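Asks: This is what each chain is made of:
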Amino acid sequence: MAAELGPEAYQDFINNIEDFSHFQEKAGITSGVEHIWGVFLKDMERILNVDLCALFLVNEETHEFELYGVAPEAMRDECLKELDLQIECGVFSWVIDRRLPSVLPSTVFKKRTALMLPLCTANRTLGAVLTVTKMEKSSITMETSRLLGILARQCSLVMENAMLYEHLRKEHESLQKAQSQIIQTEKLASIGRLTRAASHEILNPLNIISGYAHLLKIGSGGDSKPSRYLNEIINESGRIAKVVSGLMQFKGSDALKAASTDLNSVIEKAISLTEYAAKFNKVRMDFSPVPGIGKVMGDSEDLIQVIISIINNSLEAMPEGGDLEIRIEPVKGGGHEEEGFVKVKITDTGCGIPEDVREKALEPFFSTKGDKAMGLGLYMAYCVVQRCGGTIQIGSGPGDKGTCVTIMLPLADKTG
Amino acid sequence: MTGVDISQLIGRVDDLPTLPQTFLRITQIVNNPRASAKDLSSVIGDDQVLTARLLRLVNSSFYGFPQKVSTVTGAIVLLGFDAIRSLLLSSSVFEIFPGRRRKNHKGLSALWDHALGCAVGAKVIGSRLRYDNIEELFVAGLLHDIGKIVEMVYLPDAFSKIQALVKEKDLLILDAEQEVLGFSHAEVGTLLATEWKLPQKLVRIIEMHHLPQEAANFSRETSLVHFSDILCRALDIGSGGDPWVPPLNDFAWNAVGLDQGGLPYVMTEMTRVYRDMRHVINSGR
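So the sequence lines, in the order shown, correspond to chains A and B.
Okay, so the first sequence: first residue is 96 according to our numbering, each after it adds one.
Okay, so the second sequence: first residue is 20 according to our numbering, each after it adds one.
Since the hints were derived computationally from the structure, they do not count as laboratory data.
Among these hints, one or two may not hold up.
Straight-line Cα separation of at most 20 angstroms, EDC-like style, residue types lysine to aspartate or glutamate; simulated pairs [stated by the list, open to error]: (1) B:Lys87 <-> A:Asp192; (2) A:Lys176 <-> A:Glu156; (3) B:Lys57 <-> A:Glu183; (4) B:Lys57 <-> B:Asp101; (5) B:Lys87 <-> A:Glu255; (6) A:Lys377 <-> A:Glu363; (7) B:Lys216 <-> B:Glu206; (8) B:Lys220 <-> B:Glu198; (9) A:Lys265 <-> A:Glu255.
If you want the footprint, here are the derived chain B segments under chain A, 3+ residues with CB under 8 angstroms [what the hints assert, rightly or not]: (10) 84 to 94; (11) 194 to 201; (12) 266 to 280.
Only a predicted model underlies this, so the values are computations on that prediction, with no experimental measurement involved.
Where is the CB? At the ideal position from N, CA and C, for every residue including glycine.
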């Protein structure tokens, strides 16, 4: 029989409860499950000596209990066995349903006691903690049993909050990503409209300028100084015309040439045109045609240009040699939006593109190559793909190394 | 007024049934945070009848535990200390009132059936609402009309008059009590519960089970018992002493907060568990 208790025992009990109420300070809303689990284990040790403590979490999709962590890790197998046996005899679901801590004889560890703490909040079952202790079950006190319940409840609250927060964070992130994609597309589209108008306005006066310059040159004849100046004017006017018509070329005609193109042959052609440069850079190119992939919407010449400019970028990113891999695959069942598309993935092992540059890479006149390039290659690729009704995305290669360009092109026989 | 008043009843408090000594010891232990399962089980174990009754309850459909619980210690650690105390209190109150076995006391038997039905109802609703301490709700349901039982056993003449009045004037028993005794069974029940040193929550529930909105801290539990009381009458489980289904208190319905599909579930489950529990309780006699 327990001795009569003085006020100290109650004081202790209250102190313990107070300590557990600090759970939320030790593990906040932004802590991951791992941290919360750590705090829980520490608090648990204060209540009783445990041989094993395991956390099972409910998988939100399958609604099954999955082992999250075991302390000590070496007991993993025994722990899973214990759970299986408790589930088999129906005890586990009974405890979860009752939502209160329960103590039972262990099925795996003879002569030991198993403690099950369901982790649940008012509306949700998050998981359960399974604990095995050497403690004789008859020596478990009222205090222990109450404290276990309080601890489980505190832990559940914090864990639910953390999970909700994490869920919200992910949702927010994907929204942000979608939003920045929309902004990017909108930006490129307005640049396209602007260039279409501007190039027209530039080319007309330019024609007049270079026409008169030619006339003047004929008139001046000889090797005089003014004639040299006129040559400069004609040359530079020619450069302006080249840049502007470069833009014009991809301004995107409103009437799409409803051609269907064999993607295999487009890529093979592009490879054959860049083979020499690849060999020179010691880059190994790898592509195997996929028979029966179907035809895609788009002009073959345009698409060859798209592939070539991406290959060229990759080659430049691998001055010391490397691998370039082109894969095509049909998109199956990836949501309604991606149905009826072919995915082209061009992956290199080059220096990669930093995250902040990736966003701008599709913009016209954006180049990291200095004066060597006009920065129109990828913009052109973007315009062509966009016109075909596809998308182009620049990401990093496997293991965050290199670059992976993904192009989605609609199939020509796509219905609807 | 027929010469009986509540002070007279208080005067006879010494004659009122008392809870068994064992139960008082158990309350003492449960109130001690350092008491172990062993301490509690040794006290219960001393009382063979209590042990048998407890294990029968634990293994009944009240819990539906998938395995057999064969030891008192096992039951304590599985269900927790509070639950055990409530279960013991439940099984004790059935024993302490005489007359349940008397065949001619049909009214008393019906009252007990009503109490059990209300207890089961409170437990079933509590489980549905994921209430933590369903054993306590069970006891509360069981004891809510204990005052009527006291009246029937200790003031049999007055109680006959009350019942006659109910029939004659189509009164609710509550109103008939006022007319005959000047006090109600809720007051008598409160008196007894206080005398028994039951937890404050139980005392309040007994006192306020007709006025749940005034039960302050315990208004949700009181509402739940009030609601279960009315459900029992609607389902015709036992008899509360009058043939009427008293009006359901609006406040109680809102405080209970049962969901749409909850009511049909509760009514079916209540009938099923009640049948089983009645068997469990009666087989122990």
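Asks: State for each hint whether it applies.
Replies: Evaluated hints:
1. B:Lys87 <-> A:Asp192: Distance ~18 angstroms between Lys87 (chain B) and Asp192 (chain A) Cα, so the pair holds.
2. A:Lys176 <-> A:Glu156: Given pair Lys176 (chain A), Glu156 (chain A) is violated - Cα atoms ~23 angstroms apart, limit 20 angstroms.
3. B:Lys57 <-> A:Glu183: violated, 29 angstroms
4. B:Lys57 <-> B:Asp101: It holds: about 15 angstroms lies between the C-alpha atoms, which stays within 20 angstroms.
5. B:Lys87 <-> A:Glu255: violated, 34 angstroms
6. A:Lys377 <-> A:Glu363: holds, 19 angstroms
7. B:Lys216 <-> B:Glu206: holds, 15 angstroms
8. B:Lys220 <-> B:Glu198: violated, 29 angstroms
9. A:Lys265 <-> A:Glu255: Answer holds: Lys265 (chain A) to Glu255 (chain A) is near 15 angstroms, not above 20 angstroms.
10. 84 to 94: holds (count 5)
11. 194 to 201: Violated - the region 194 to 201 of chain B has 0 residues with a Cβ nearer than 8 angstroms to chain A, which falls short of three.
12. 266 to 280: violated (count 0)
Violation of the numbered hints given earlier is confined to hints 2, 3, 5, 8, 11 and 12; the remaining hints are satisfied by the structure.
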